[in-house]
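Take the given structure of chain A and dock chain B to it, following the hints.
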Amino acid sequence: MLDLNLVSKCFQQPVLGVMHLSIRQGQRLSLVGPSGCGKTTLLNIIAGLDTDFEGERRLSRGARIAYMFQEPRLLPWRTVQQNLAMVGANPDVIHSLLNEVGLDGFEAHYPRELSLGMARRAALARALAYNPDLLLLDEPLVSLDPPTAQQMRELLCRMLERRPELSLVLVSHDPKDAQVLETEIVPLTVPDSVSLHPGYASL
Amino acid sequence: MRSRIGDYLLVVGALLLLWQLIAGYLNDPLLPSPYQVLLTGYQEFVSGNLLHHLLVTLRRVAIAFVMAMLLGTLLGWVMGRSQRVSRALDPLLVLMLNLPALVLIILLYVWMGLVEAAAVLAVILNKVPNVAVTLREGARNMDPQLDEVARIYRFTLSQKVLDLWLPQLFPYLMGAMRSGLALIWKIVLVVELLGRSDGIGFQLHLAFQLFDVAAILAYSFSFILVVQLIEWLVLQPLEQRARRWQGGVACA
Numbered sequence: 109m110l111d112l113n114l115v116s117k118c119f120q121q122p123v124l125g126v127m128h129l130s131i132r133q134g135q136r137l138s139l140v141g142p143s144g145c146g147k148t149t150l151l152n153i154i155a156g157l158d159t160d161f162e163g164e165r166r167l168s169r170g171a172r173i174a175y176m177f178q179e180p181r182l183l184p185w186r187t188v189q190q191n192l193a194m195v196g197a198n199p200d201v202i203h204s205l206l207n208e209v210g211l212d213g214f215e216a217h218y219p220r221e222l223s224l225g226m227a228r229r230a231a232l233a234r235a236l237a238y239n240p241d242l243l244l245l246d247e248p249l250v251s252l253d254p255p256t257a258q259q260m261r262e263l264l265c266r267m268l269e270r271r272p273e274l275s276l277v278l279v280s281h282d283p284k285d286a287q288v289l290e291t292e293i294v295p296l297t298v299p300d301s302v303s304l305h306p307g308y309a310s311l
Numbered sequence: 090m091r092s093r094i095g096d097y098l099l100v101v102g103a104l105l106l107l108w109q110l111i112a113g114y115l116n117d118p119l120l121p122s123p124y125q126v127l128l129t130g131y132q133e134f135v136s137g138n139l140l141h142h143l144l145v146t147l148r149r150v151a152i153a154f155v156m157a158m159l160l161g162t163l164l165g166w167v168m169g170r171s172q173r174v175s176r177a178l179d180p181l182l183v184l185m186l187n188l189p190a191l192v193l194i195i196l197l198y199v200w201m202g203l204v205e206a207a208a209v210l211a212v213i214l215n216k217v218p219n220v221a222v223t224l225r226e227g228a229r230n231m232d233p234q235l236d237e238v239a240r241i242y243r244f245t246l247s248q249k250v251l252d253l254w255l256p257q258l259f260p261y262l263m264g265a266m267r268s269g270l271a272l273i274w275k276i277v278l279v280v281e282l283l284g285r286s287d288g289i290g291f292q293l294h295l296a297f298q299l300f301d302v303a304a305i306l307a308y309s310f311s312f313i314l315v316v317q318l319i320e321w322l323v324l325q326p327l328e329q330r331a332r333r334w335q336g337g338v339a340c341a
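These protein sequences, in sequence, are chains A and B. FYI, this note's numbering numbers position 131 of the first sequence as 239, with every residue one higher than the one before it. FYI, this note's numbering numbers position 136 of the second sequence as 225, with every residue one higher than the one before it.
This is chain A alone, in the form it adopts within the complex:
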């Protein structure tokens, strides 16, 4: 479904090196590594948001990618219902999705009336409402308190079980999440060149 041949990605310094990723239907990957290793950068390249890299990205015709960002990024001036409708879902689908993520009754609420955990679940519902072939999750559990994180983890498991055809790329700093969601782990490391410039040593 998606083929990525990455040669390199630089900001001021190289962030990502040579890498090949091929994602088939139903395949589930986790990008795991310490912070600063370029996980989110790679996810943005996969999503097609970042096109400023050396290499090639090929997406099958008509394949749909949904992206659940680290911040929920709902439109604050639209209700939960309207946010889901924005990506093209009909009211029945919206209703069952909100039920699935445990947000029934919150259709008419604005995002600022939701807690972070709820807003993330709404963002997950929106991603699913888009009816994607490939779902990208960027640290879906970060900055949630342990019970809420556990709830989200279980929700993601259930949601993935029900959709065996859905491909997934998960970004996480915690290898445990990758295991729980039964994904293949793609370890990322901080490239050597990111270490301090030699010139700094003499300062």
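Please keep in mind that the hints were generated in silico from the structure rather than gathered at the bench. C-beta: ideal position from N, C-alpha, C; glycine also. Warning: the hint list may mix true and false statements.
Claimed, not checked - Taking CB as the label site, the calculated pair distances span:
| hint | chain 1 | residue 1 | chain 2 | residue 2 | range |
| --- | --- | --- | --- | --- | --- |
| 1 | A | N198 | B | V100 | 49 to 57 Å |
| 2 | A | P283 | B | V250 | 40 to 48 Å |
| 3 | B | L246 | A | N198 | 15 to 23 Å |
| 4 | B | V192 | A | G144 | 51 to 59 Å |
| 5 | B | N187 | A | H217 | 46 to 54 Å |
| 6 | A | G210 | B | Y97 | 43 to 51 Å |
| 7 | A | G210 | B | R229 | 47 to 55 Å |
| 8 | B | Q335 | A | R270 | 48 to 56 Å |
| 9 | A | G144 | B | V100 | 34 to 42 Å |
Stated by the list, open to error - To be clear about the criterion: a stretch of chain B counts as covered by chain A if any three or more of its residues have a C-beta under 8 Å from a C-beta of chain A, and this derived list gives those stretches:
| hint | stretch |
| --- | --- |
| 10 | 236 to 246 |
| 11 | 250 to 262 |
Then chain B, alone, in the frame of chain A:
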């Protein structure tokens, strides 16, 4: 809400009383009392003069306002989204912002003649740079994260405009509209005074020649009243409706 109206009436009443006291003390036709101004306004209204000139002015204000908002918003939007366009047009914008309204009015009258098109165009050109500067700020402050959401979920152009961009630009649009309405009707009066034979500006010109202060005040207050009504009946309800998502926001 009740106390707001109460406060408003209290301030207006106190000012009127102060005015009445000073006018009564001076007893000079150059400072007529509120009652005399009201009487003059009523006489002008009955004769049909007030309404005629008010509507003429209002029409010019409306056309100039709509055109200036449209052009200024488009210009500000493009400048806010593209650094290159902003850099290229910035000198022109600074020039237009600092060009006195009077100069523009005189030049257009000289070049185009004392015609309606010159009058309205002069007002529009005076206001467009203000709107553009405000909206450029708004366009620059838009959330790039939400633009990414729009790209991922392939929002249509109308979705981007109505659901993504307009809500973010709304406070800036509101600001431009408020200051725009106030500025535009003042410039329209100057335009009318200099080169039109109807409208409130023209009537003020006549009254000035006769030193008829009561008429000057009556015509001025009638338009201030109209602008205040637009604020109450159009702008504030619009704002409250558009700000529902923020919850209880106190209105200005």
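Here is how each hint holds up against the structure:
Distance hint check: the CB atoms of N198 of chain A and V100 of chain B are about 53 Å apart, consistent with the given range 49 to 57 Å. Checked against the hint of 40 to 48 Å, the pair P283 of chain A and V250 of chain B passes, with Cβ atoms roughly 44 Å apart. At roughly 22 Å, the beta-carbon separation of L246 of chain B and N198 of chain A lies within the given 15 to 23 Å, and the hint holds. Between V192 of chain B and G144 of chain A the beta carbons are some 57 Å apart, a value that agrees with the proposed interval 51 to 59 Å.
Between N187 of chain B and H217 of chain A the beta carbon distance is about 48 Å. The supplied range of 46 to 54 Å therefore holds. Roughly 48 Å separates the CB atoms of G210 of chain A and Y97 of chain B, a value that falls within the hinted 43 to 51 Å. Restraint check, G210 of chain A to R229 of chain B: a C-beta distance of roughly 38 Å breaks the suggested window 47 to 55 Å. Under the hint 48 to 56 Å, the C-beta atoms of Q335 of chain B and R270 of chain A, about 36 Å apart, miss the expected range.
For the hinted restraint 34 to 42 Å between G144 of chain A and V100 of chain B, the CB-CB distance of approximately 59 Å leaves it violated. Coverage of the stretch 236 to 246 of chain B by chain A holds in this model, with 6 residues showing a Cβ closer than 8 Å to a Cβ of that chain against a need of three. For the stretch 250 to 262 of chain B, the proposed coverage by chain A is satisfied: 3 residues have a C-beta within less than 8 Å of a C-beta in that chain, meeting the threshold of three.
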